[in-house]
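Enquirer: As a plain string of letters, each chain reads:
2 protein chains.
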Amino acid sequence: MSAPDPALLSVNTATVRKQWGLAQAIAGCARHGIRGISPWRDQLREMGIEAAAHAIRGHDLTVSGLCRGGLFPAADAAGRYAAIEENLGAINEAHALGARCLVLVAGGLPKESKDIAGAREQVREGIAAILPHARNAGVPLAIEPLHPMYAADRSCINTLAQALDLCDAVDPHNQGGLGVAVDVYHVWWDPQLAAQIRRAGSARLLAFHICDWLVPTRDLLNDRGMMGDGVIDLPRIRSWVEQAGYTGFHEVEIFSELDWWQRDPDEVLQTCKERHQKFC
Amino acid sequence: MSAPDPALLSVNTATVRKQWGLAQAIAGCARHGIRGISPWRDQLREMGIEAAAHAIRGHDLTVSGLCRGGLFPAADAAGRYAAIEENLGAINEAHALGARCLVLVAGGLPKESKDIAGAREQVREGIAAILPHARNAGVPLAIEPLHPMYAADRSCINTLAQALDLCDAVDPHNQGGLGVAVDVYHVWWDPQLAAQIRRAGSARLLAFHICDWLVPTRDLLNDRGMMGDGVIDLPRIRSWVEQAGYTGFHEVEIFSELDWWQRDPDEVLQTCKERHQKFC
Chain Y
46 MSAPDPALLS
56 VNTATVRKQW
66 GLAQAIAGCA
76 RHGIRGISPW
86 RDQLREMGIE
96 AAAHAIRGHD
106 LTVSGLCRGG
116 LFPAADAAGR
126 YAAIEENLGA
136 INEAHALGAR
146 CLVLVAGGLP
156 KESKDIAGAR
166 EQVREGIAAI
176 LPHARNAGVP
186 LAIEPLHPMY
196 AADRSCINTL
206 AQALDLCDAV
216 DPHNQGGLGV
226 AVDVYHVWWD
236 PQLAAQIRRA
246 GSARLLAFHI
256 CDWLVPTRDL
266 LNDRGMMGDG
276 VIDLPRIRSW
286 VEQAGYTGFH
296 EVEIFSELDW
306 WQRDPDEVLQ
316 TCKERHQKFC
Chain B
46 MSAPDPALLS
56 VNTATVRKQW
66 GLAQAIAGCA
76 RHGIRGISPW
86 RDQLREMGIE
96 AAAHAIRGHD
106 LTVSGLCRGG
116 LFPAADAAGR
126 YAAIEENLGA
136 INEAHALGAR
146 CLVLVAGGLP
156 KESKDIAGAR
166 EQVREGIAAI
176 LPHARNAGVP
186 LAIEPLHPMY
196 AADRSCINTL
206 AQALDLCDAV
216 DPHNQGGLGV
226 AVDVYHVWWD
236 PQLAAQIRRA
246 GSARLLAFHI
256 CDWLVPTRDL
266 LNDRGMMGDG
276 VIDLPRIRSW
286 VEQAGYTGFH
296 EVEIFSELDW
306 WQRDPDEVLQ
316 TCKERHQKFC
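For the protein sequence lines, the chains are Y and B, in the order given.
Our numbering puts the first residue of the first sequence at 46, with every later residue one more than the last.
Our numbering puts the first residue of the second sequence at 46, with every later residue one more than the last.
FYI, nobody ran anything at the bench for these hints, they're computed from the structure.
The reader is advised that the hints may include incorrect statements.
Identical copies look the same in the list; a pair holds intra-copy or inter-copy alike.
Think about it this way: if two alpha-carbon atoms lie no more than 27 Å apart in a straight line, the pair counts; the simulated DSSO-like pairs of lysine-lysine are [to be verified]: (1) K63 with K159; (2) K318 with K63; (3) K323 with K63; (4) K323 with K156; (5) K323 with K159.
Since the structure is predicted, the reported quantities are computational estimates derived from the model, not experimental observations.
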């Protein structure tokens, strides 16, 4: 398989979040010739949405996705309402940035709850509630299935099949504006992965996130690997998303307390570029 | 839902392995009126298989399963052959103990490999190779799907659907002696769980393992919770296995470096009994 187009590389700012604020990350991506960026909402608030949009436009970067909306399940109706309001605000921010999508991390079990089926139903209701506003704003919603080890506390949507079932339930006629974000870290193990990527097709494939799965993994949350340092067959998975018609960014998202967050962020970005060419 | 039959409680000796050797665990279960036990092969070797079988029979305990066979994938043919030989030995030990099943943990990726589909194929070949001997010995083989967070290094069989597909591939006419071990820790998050337990039915449901998923989970391997301390809806899952026709043991298997392995093992067994009645 030939190396990927370097112009498709995007960097999720979480990859250097311990070293850089958003303004530095924007300038850093531009300096390294990285064309895509994916900021987080807390960083946007800190920098100011207008300043961020201005800087991103000024450097001619594309926002491959805004992190993040979702987190729908709540213990009561007031909590569910607040989550929907929060998501409407996130859609507005994504619109202001011209983001390719708003990434949705579903949310886990409400406090004290053991009802995962109920939480999943709340996610469906939440997405249905915000989809009209997202369509009006021209912001596609990308449901990101998270690894099953996050089912309790971060996302009760845990496989690509389940995320696509959810898309089909909320948007049965595939009217657009709703799809999935495929992050290799969350789905690489799934025996159904190839088939579900095919099923998603270009209409539902809104984002493609890359990193690697380390052996051993020392922490459930913040021990992701740089591409090439783990066991994920990245070229194979890229071939599947490309065969399904995906032509968008390859977004690097690495949470790494012990390694990449300890390094010079310019070295991190340089390594992202090299590893993208060599191992993806 | 009514409380489970206390006579169905079994304890996997890993639950007290830091405190007790196998002889102590056997005596401990008997002393607490626990009728089932599930030993590990390393402990069997230490105690001696004949002594262990004698002690287990002497206390009139039932071996709900022997831990463990499997670990099939290897980097070369010699490694795969050695794994099969090892499994034939495990079948003989399970036979000597009158075990209800031999639990199979598939194994992960061979060293340096990123080919998870290939590893899965090796697991299929390994199980097919040992099934005739298992049938002759009257030892059912229970494929235990492991949580996807163990896909790289412990088991490339990660969902109940996948384990059942594997059963169907190796034993297409359901001739017996091959099925699955359902451990709630590994499968509780799966949106297909109820449907796949139904699909398994009594013919394929060979073991049912219980514990709980803690929030937060501090370690990928050794931070399992006691029943009632986490987020798993145990009575609901038990209702599914019972509706599918399962009438066997409820085996407690808890790896817990920070909590239960630090406690008095008699307290641990007493707690297993109480929690089994109260939360399962």
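Enquirer: If a hint holds in the structure, say so; if it does not, say that too.
Expert: Status of the hints after comparison with the structure:
{"no.": "1", "hint": "K63 with K159", "verdict": "neither (34 Å within a copy, 30 Å between copies)"}
{"no.": "2", "hint": "K318 with K63", "verdict": "within (19 Å within a copy, 46 Å between copies)"}
{"no.": "3", "hint": "K323 with K63", "verdict": "within (26 Å within a copy, 45 Å between copies)"}
{"no.": "4", "hint": "K323 with K156", "verdict": "between (44 Å within a copy, 21 Å between copies)"}
{"no.": "5", "hint": "K323 with K159", "verdict": "between (44 Å within a copy, 15 Å between copies)"}
In this structure, only the earlier hint numbered 1 is contradicted, and the remaining ones agree with it.
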